[in-house]
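Protein chains in written order, with this note's numbering: chain L, 68 to 157; chain X, 68 to 157; chain C, 68 to 157; chain H, 68 to 157; chain B, 68 to 157.
Each hint should be verified, as a subset may be incorrect.
No more than 25 Å apart at the CA atoms, straight line, and that leaves these computed lysine-lysine pairs for DSS-like [what the hints assert, rightly or not]:
| id | chain 1 | residue 1 | chain 2 | residue 2 |
| --- | --- | --- | --- | --- |
| 1 | L | Lys95 | H | Lys104 |
| 2 | X | Lys104 | C | Lys95 |
| 3 | L | Lys72 | H | Lys151 |
| 4 | B | Lys72 | C | Lys90 |
| 5 | H | Lys151 | B | Lys72 |
| 6 | L | Lys95 | H | Lys95 |
| 7 | B | Lys102 | H | Lys102 |
| 8 | B | Lys151 | H | Lys137 |
| 9 | C | Lys72 | B | Lys90 |
| 10 | X | Lys95 | C | Lys90 |
| 11 | B | Lys137 | H | Lys104 |
| 12 | C | Lys151 | B | Lys102 |
| 13 | H | Lys90 | H | Lys137 |
| 14 | X | Lys95 | L | Lys90 |
| 15 | X | Lys137 | X | Lys151 |
| 16 | B | Lys137 | C | Lys72 |
| 17 | H | Lys95 | B | Lys104 |
According to the in silico footprint, chain X covers these stretches of chain L (three or more CB under 8 Å from chain X) [said to hold, decoys possible]:
| id | stretch |
| --- | --- |
| 18 | 78-85 |
| 19 | 132-141 |
| 20 | 144-155 |
To be clear, the hints were calculated from the coordinates, so they are not data collected in a lab.
Backbone N, C-alpha and C define an ideal beta-carbon position, used for all residues, glycine too.
This is what each chain is made of:
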Amino acid sequence: MILGKVIGSVWSTRKDENLVGSKFLIVKQLDLDYKEKDNFVVAVDSVGAGEGEIVLVATGSSARQTTITKNKPVDAVVMAIVDKLDITKR
Amino acid sequence: MILGKVIGSVWSTRKDENLVGSKFLIVKQLDLDYKEKDNFVVAVDSVGAGEGEIVLVATGSSARQTTITKNKPVDAVVMAIVDKLDITKR
Amino acid sequence: MILGKVIGSVWSTRKDENLVGSKFLIVKQLDLDYKEKDNFVVAVDSVGAGEGEIVLVATGSSARQTTITKNKPVDAVVMAIVDKLDITKR
Amino acid sequence: MILGKVIGSVWSTRKDENLVGSKFLIVKQLDLDYKEKDNFVVAVDSVGAGEGEIVLVATGSSARQTTITKNKPVDAVVMAIVDKLDITKR
Amino acid sequence: MILGKVIGSVWSTRKDENLVGSKFLIVKQLDLDYKEKDNFVVAVDSVGAGEGEIVLVATGSSARQTTITKNKPVDAVVMAIVDKLDITKR
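Please work from the sequences and hints to get the whole structure.
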């Protein structure tokens with residue numbers, strides 16, 4: 068999964084009919100110090116993630132394994148909100 | 068999903084028989100300021116997207132989850148037209 | 068899908084038994100001016116594409132959605148031959 | 068599969084209900100001299116991998132082919148712990 | 068598919084139970100002049116490929132379409148040994 072931060076959302080009225088009600092979040096990719104990378108992905112929210120929250124994003128067919136995204140044309144889903152990273156001191 | 072802009076289309080008469088009638092759009096990838104990146108992808112249209120429109124593209128097996136692309140050999144589909152991006156001021 | 072140009076083929080006698088008869092094409096990736104990039108992919112032919120032809124390549128599970136590639140261990144297929152690109156003047 | 072090293076884990080209480088009990092490992096990608104690259108992936112553990120261990124990570128739909136990850140929204144799984152690399156002298 | 072060269076293998080005793088007996092090959096990616104790139108992938112062998120051999124690797128769900136890899140958590144498989152590349156003079 069990708070580590071990212073929700074920085075906004077995408078508004079869309081004309082879309083695949085199965086996507087009505089889905090919320091598209093803009094997720095900036097993060098490094099392990101929570102610094103934003105240039106990359107971003109648009110992902111459907113499945114856990115009620117709000118702006119500014121650190122999240123995990125699953126991509127590909129795995130993005131369709133939630134109740135909200137099942138059988139829908141979406142390739143990225145926010146499936147977890149991160150409390151903290153636990154990294155061994157080195 | 069990828070954020071992109073429709074800049075044209077691909078003409079093809081010799082193609083997989085299941086693809087007759089599919090429209091192949093050329094979609095340039097965009098950054099969050101709508102500036103075009105070098106990357107582009109050829110994606111099947113499922114929402115009636117026209118040239119110049121800002122869109123979302125789903126890739127991989129998820130690209131086959133629309134009525135138009137089901138069971139077809141396509142790995143990218145335009146599944147939403149973007150009205151606007153709503154990004155938190157920072 | 069990827070835009071590419073067929074520049075050759077791969078000969079292989081020892082391969083998965085389901086791949087006997089499949090033709091492996093070497094496809095160089097192209098930019099929108101038909102200039103070759105460094106990247107290439109080996110893709111199974113499903114449309115009778117010849118050397119020098121401009122083609123579209125579908126990757127991932129979508130590459131198995133043709134009669135020729137169904138249930139076979141291939142992750143890239145040439146599924147369309149390009150007549151021309153129609154790009155809006157800008 | 069990706070060669071990597073487990074350097075920590077991700078704590079998450081709010082997540083997809085099917086992911087309760089899954090352990091999210093932070094895996095830094097390695098080169099063939101076990102030197103860490105900048106890239107990392109968050110992967111679910113399926114083999115009891117501990118911090119500091121060298122592992123293999125399977126991604127995409129293949130990440131859902133373990134008892135622990137089946138039908139869950141995860142796109143990366145640690146499915147093997149590496150004893151050693153056996154590379155031909157050159 | 069990726070063009071690569073088998074340069075070694077990965078030893079692993081603790082792994083997903085379905086992977087017992089699978090051989091993990093280290094495959095360096097090649098360019099069209101058989102020069103090794105920095106990238107490598109760990110792939111399961113399905114064709115009896117030996118060290119030093121030039122091979123094709125299929126990735127993603129397609130890697131599970133061989134008798135040896137079916138339903139297993141592997142995302143890369145060596146599915147062909149290359150005899151030669153046949154590239155048009157240019």
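With the threshold set at 25 Å, check whether the alpha-carbon distance from lysine 95 of chain L to lysine 95 of chain H stays at or below it.
Measuring from Cα to Cα gives roughly 19 Å; hence the hint holds.
Does the alpha-carbon distance linking lysine 137 of chain B and lysine 104 of chain H stay inside the 25 Å limit?
31 Å, violated
Keeping to a limit of 25 Å between CA atoms, is the pair of lysine 72 of chain B and lysine 90 of chain C held or broken?
The hint holds at about 20 Å.
Going straight from one Cα to the other, do lysine 95 of chain X and lysine 90 of chain L come out at no more than 25 Å?
23 Å, holds
Satisfaction of hint between lysine 137 of chain H and lysine 90 of chain H, Cα-Cα up to 25 Å
14 Å, holds
Using a Cβ cutoff of 8 Å, are there at least 3 residues of the stretch 132-141 of chain L near chain X, or does the coverage claim fail?
holds (count 4)
Restraint check for lysine 137 of chain B with lysine 72 of chain C, where alpha carbons must lie at most 25 Å apart
32 Å, violated
When you check the alpha-carbon spacing of lysine 151 of chain B and lysine 137 of chain H, does it fall within 25 Å?
40 Å, violated
Mind checking the alpha carbons of lysine 72 of chain C and lysine 90 of chain B for me, to see if they're no more than 25 Å apart?
Judged against 25 Å, a Cα distance of about 34 Å means the pair is violated.
Please verify whether lysine 104 of chain X and lysine 95 of chain C have alpha carbons no more than 25 Å apart.
Answer holds: lysine 104 of chain X to lysine 95 of chain C is near 20 Å, not above 25 Å.
Verify the proposed pairing of lysine 95 of chain L with lysine 104 of chain H, using a straight-line Cα cut of 25 Å.
Holds: lysine 95 of chain L and lysine 104 of chain H sit about 20 Å apart, inside 25 Å.
Given as covered by chain X, does the stretch 78-85 of chain L meet the bar of three residues or more with CB within less than 8 Å?
Holds: 7 residues of the stretch 78-85 of chain L have a Cβ under 8 Å from chain X.
Figure legend: structure checked against the earlier numbered hints; hints not met, in rising order: 3, 8, 9, 10, 11, 12, 15, 16 and 20.
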